[in-house]
Amino acid sequence: MAIETQPERAQGAGGGQPLGSSAPRPWWRRPAIHTAILGAVIGYLLGHQLGDWLTGATGSPSQYPNIALSDSEDWPIVLGYLLAVVGWLAGLGVFNSIVGQMLGRPNHINGNGLPAHETSGLARYFRYSLDHKVVGIQYLVGMIIYFCTAGLFAMAIRTELLSPVNHVFSSQVYIELVGEHGTMMMMLMSSVILGPFGNYLVPLMIGSKRVAFPRVEALSFWLTPMAFLILLSGLMLGGFPFGWTGYAPLSIQSTVGADSYAFAFGLMGVSIVLAGFNIIVTVICYRAPGMRWSRLPAFVWAMMTTAFLMVLAAPVLVGGMYMLLMDRTAQTAFFEDQLGGSSYLYENLFWFFGHPEVYILALPGFGIVSEIIPVMCRKPLFAYKVMAAGMVGVGLLSFFVWQHHLFDSGINPDMRPLFMLTTELISIPTGFIYLVALGTFWKAKIRFTVPMLFALGMYFNFLIGGVSGVFLSDVPADTTEHGSFFVMAHFHYTIMGGLIFAFMAGLYYWLPKMMGVKLNEKLGKWQFWIMFIAFNSTFLPLFAVGDAGQPRRVFEYATNLQGLNDWASISSFVLGFSILLFVINFVYSTVIVRDRETGNPWQSRGLEWQVASPPPAENFDQIPVVLSGPYEYGVKDAPPVADLHPPAGVLSAAIGQSAAVRAEA
Amino acid sequence: MAASVAEDAQGSGQAGPNHGLRIFLIWLPVAVIADWLLWFVYGPHMPPGQMSNSAASQQFDVKVMSVLAAPVMAFVLVAGAYSLIVWRHREGDDEDGPAIFGNVRIQTTWITVTAVIVLFLAGFGTYELAWPGFAGAGGGEGPAPIWKPDGKPLEVQVIAQQWRFTYRYPQFGGFETSDLVLPIGQPIQFNVTSLDVIHSFWAYQLGVKADANPGVNNVAYTTARQTGSITVRCAELCGLWHGAMFDYGKVVSVGTFQSWAHQTETQLAAVTKILPPYATTYDPTVVPQINKAMAKAGIGGANGYYYPPNDPVQP
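Protein chains in written order, with the numbering used here: chain A, 21 to 685; chain B, 98 to 412.
No lab work stands behind these hints, which were simulated from the structure alone. One thing to keep in mind: the hints can contain errors.
[What the hints assert, rightly or not] Taking lysine to any residue and the SDA-like style, the derived pairs with C-alpha atoms no more than 25 Å apart in a straight line are: (1) LYS405/A <-> VAL169/B; (2) LYS465/A <-> ASN115/B; (3) LYS160/B <-> SER447/A; (4) LYS347/B <-> GLU576/A; (5) LYS463/A <-> ALA128/B; (6) LYS160/B <-> ILE484/A; (7) LYS245/B <-> PRO437/A; (8) LYS245/B <-> ILE431/A; (9) LYS160/B <-> ILE448/A; (10) LYS347/B <-> GLY271/B; (11) LYS405/A <-> ALA212/B; (12) LYS463/A <-> THR209/B; (13) LYS160/B <-> GLN323/B; (14) LYS160/B <-> ASN556/A.
Start from the sequences, fold in the hints, and give me the full structure.
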């Protein structure tokens with residue numbers, strides 16, 4: 021064999037084309053969402069066939085009696101889903117670089133993780149792009165679609181609850197709607213902020229050109245459409261009758277729709293772990309020189325703590341869902357009491373994930389509002405260290421409170437005062453965001469822009485939601501409130517009133533940064549006021565409804581509660597209308613009237629605002645040197661937040677030789 | 098807390114109005130009026146009422162928590178609203194606000210006050226649970242309860258199944274009925290179990306909630322203080338007809354209860370003989386055998402319905 025004198029390297033200087041490669045292939049021959057769909061379909065058919073063979077449905081008897089004993093459709097469906105996911109990823113080209121490296125092919129990726137010819141155009145949003153900004157936009161559109169779909173289910177539920185005796189849906193359809201709404205929201209909204217805003221903004225906020233693991237990040241996004249579609253496909257299989265919590269004997273006895281629940285939830289758990297892991301390593305390892313922990317923006321602190329919760333809690337969910345699938349399909353007995361297992365095992369596994377999950381939903385909201393208010397108040401963030409300690413404290417304590425979901429379930433009674441104590445304690449760091457907010461508002465110059473309105477709405481709603489949580493943490497009061505509409509109102513106030521209002525605040529605030537266009541302000545104010553009033557009108561009466569004795573997930577209730585239920589239902593339709601207004605505003609502003617906004621419209625000191633909007637392909641021309649914190653408003657002669665073009669020698673001296681090579685790439 | 102806010106404003110040397118004092122003076126009457134209304138006006142009507150000692154203790158708990166929560170919420174809302182009104186941006190003013198990064202005294206005060214409030218609530222809640230008079234505040238304590246009432250309780254077993262509650266009275270021969278009749282004044286021990294999936298026995302007016310797990314005996318205590326009717330709802334999603342899984346019961350005088358119990362025991366004796374013997378948990382696989390026995394004995398009943406709605410004896 022001749023010895024190659026020219027090494028076969030992919031990277032030319034400045035990310036040029038490797039030797040011997042041709043011009044880019046036409047769009048339909050490059051892996052993208054259309055090949056992914058093809059792969060998913062082929063994968064599903066293969067998996068289904070494999071499952072049929074395993075269960076003996078193809079004619080030849082099954083060699084596996086335990087599997088043959090399960091519902092004849094379980095294995096074909098589960099294996100179908102599994103191979104569909106593999107096919108989806110293969111069709112996207114996720115495995116291309118791994119397999120290519122194994123085969124010794126050149127790697128068409130430059131040093132910053134971006135394919136050389138993929139820095140512009142609409143097509144990259146439908147591909148397995150390794151640019152964190154593209155992944156952020158993909159997540160944004162995905163999350164809006166998932167939220168609106170799940171919201172439509174909620175409209176259906178409220179329609180059913182208009183009358184306690186006249187039923188719009190059959191009990192079968194109603195229970196499917198309840199399960200789909202809850203599971204879709206809880207499962208997919210875990211990444212509603214970390215996905216779009218975390219992935220997009222964290223590298224910009226810490227002064228990095230990239231994330232640590234672009235492939236892992238892109239993979240975490242591309243698993244979400246599959247999780248969404250698999251969950252929706254459950255409706256074709258008869259749905260699942262156990263809500264988003266999936267309590268054990270019922271979920272084992274259910275028909276095949278439950279497989280879609282377990283698989284989709286487990287798949288989303290994998291996505292959550294990947295997304296969190298990437299953020300943690302990026303923030304720890306990719307901060308620019310001068311970006312000390314004490315200068316980290318509040319939003320990045322929130323993303324870090326959320327990411328830690330994701331990485332530590334979601335594996336328990338994946339494990340629990342796997343055990344559930346095995347109980348359903350392979351006659352294991354993890355959760356069957358008569359066979360030596362325990363239904364309590366499922367409850368504890370689920371809520372060990374489930375409680376950190378709700379803080380995964382709450383913390384990003386805290387981060388967004390804490391990030392927005394200093395900008396809109398033109399004042400530093402009050403008590404920065406308390407804010408950071410609060411987020412870390414919430415994250416840490418969130419692993420010690422899960423049994424408050426199980427107070428009446430027959431757990432060891434000694435545990436209950438303990439978990440009451442820890443749950444009460446977690447409200448201390450949760451309250452810190454109010455200290456920070458009130459301190460920031462003190463003697464400020466408050467501008468009532470649309471992001472600020474949504475942030476204020478978040479604070480108001482979360483106050484009600486958080487205080488009702490204190491009521492629930494008290495074991496005697498929880499005896500009446502558990503499993504009732506009181507809990508429903510509590511978590512809708514914290515999750516929708518907190519997280520989703522914060523999402524809107526973040527979107528109105530950062531859309532100029534992400535897409536270079538501004539959302540229409542007038543429509544935004546209309547959306548805010550209708551959404552805020554309708555939201556409170558929908559969920560505030562539900563506290564009373566729950567305290568009056570109406571349990572969750574029911575379609576019949578006491579007739580004297582019809583007035584309150586009707587009020588809530590009609591308000592929920594208005595709330596749905598406000599979300600429609602939002603979608604109209606979003607489409608109108610980003611597609612039809614692209615009102616360019618490329619500067620720093622909020623005059624923010626954030627590092628992400630110091631580059632163009634939208635940012636160039638590599639975020640920063642050079643790695644910046646951070647000179648001061650982002651909240652130094654009102655400080656006389658405050659240094660700028662960063663030096664974007666540090667003189668030569670500053671960088672290499674600060675971060676060492678190899679990093680300087682990276683910076684020049 | 099508000100007082101030190103006032104001191105801070107003065108201490109900063111600004112010759113402006115004392116905002117901290119103003120906020121305090123607006124907050125104080127709001128908090129006092131809210132607390133007075135909550136304790137005296139709404140208090141006696143707070144859920145879940147006073148029909149049993151568990152319900153009364155829960156109502157008292159909710160009252161105490163409301164009275165603590167209202168001033169806290171009022172403070173955040175008053176201070177927030179004040180700030181948004183007084184310190185809103187004025188047209189033409191493009192200056193930044195004052196560079197206040199923090200205030201150790203305010204921070205320490207806030208952390209201390211919130212910690213004291215929640216620790217008090219945790220302690221108070223534990224006291225409400227553990228004090229013998231409350232005997233666990235009506236919540237299910239599992240098979241080995243630690244907070245028990247004084248005296249010998251009336252044992253009522255609640256059997257939950259998809260999608261009906263039935264009740265067995267072991268001290269009266271173990272007959273099974275779909276009527277829940279309870280005496281006033283006597284401690285009642287609910288032994289809650291399930292035959293199939295997880296349900297939850299929620300007797301709203303009694304302030305009792307205990308999850309029904311298959312193969313597990315979940316014990317909850319209460320003592321009724323007033324007669325009247327009670328609503329029982331299933332509080333844990335248990336399948337298709339969870340929404341329709343509710344029942345009514347009643348609390349009656351001791352004499353009425355005794356006569357009803359003895360009468361029912363006699364009238365259902367033949368059926369009680371073929372039921373599985375009373376136990377704190379049942380193997381669900383026994384259920385198909387019961388159905389066979391019932392069909393043989395000519396008693397109607399489909400999945401979950403041992404008895405038609407018109408029970409033999411109406412007290």
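| query | Keeping to a limit of 25 Å between CA atoms, is the pair of LYS160/B and ILE484/A held or broken? | reply | OK: LYS160/B and ILE484/A at ~17 Å, within 25 Å.
Quiz item: Taken at face value, is the distance from the CA of THR209/B to the CA of LYS463/A at most 25 Å?
Solution: Holds, because 24 Å separates the two Cα atoms, which is no more than 25 Å.
Take a quick look at whether LYS347/B and GLU576/A sit within 25 Å of each other, Cα to Cα. This hinted pair holds, its Cα atoms lying about 21 Å apart.
Checklist line | Given pair status - ASN556/A, LYS160/B, alpha carbons within 25 Å | finding: Holds, at about 23 Å.
* Sort out whether ILE431/A lies within 25 Å of LYS245/B, counting only the CA atoms. => Given that 25 Å is the threshold and the Cα spacing comes to 16 Å, the pair holds.
*asked:* Holds or violated: LYS463/A and ALA128/B, Cα atoms, limit 25 Å.
replied: holds (24 Å)
Check whether the Cα positions of LYS160/B and GLN323/B lie no farther apart than 25 Å.
With Cα atoms ~20 Å apart, LYS160/B and GLN323/B stay inside 25 Å; holds.
(message) So if I understand the rule, the pair passes when the alpha-carbon distance is 25 Å or less; does LYS245/B with PRO437/A pass?
(response) Holds, at about 16 Å.
Review point. Given the proposed pairing of LYS160/B with SER447/A, does the C-alpha separation stay at or below 25 Å?
Key: holds (19 Å)
So if I understand the rule, the pair passes when the alpha-carbon distance is 25 Å or less; does LYS347/B with GLY271/B pass? holds (19 Å)
Given the hint that LYS160/B pairs with ILE448/A, does the C-alpha gap stay at or below 25 Å? holds (21 Å)
Does ASN115/B sit within 25 Å of LYS465/A, going by the straight-line distance between their CA atoms? holds (18 Å)
Checked against the numbered hints listed earlier, the structure breaks none of them; every hint is satisfied.
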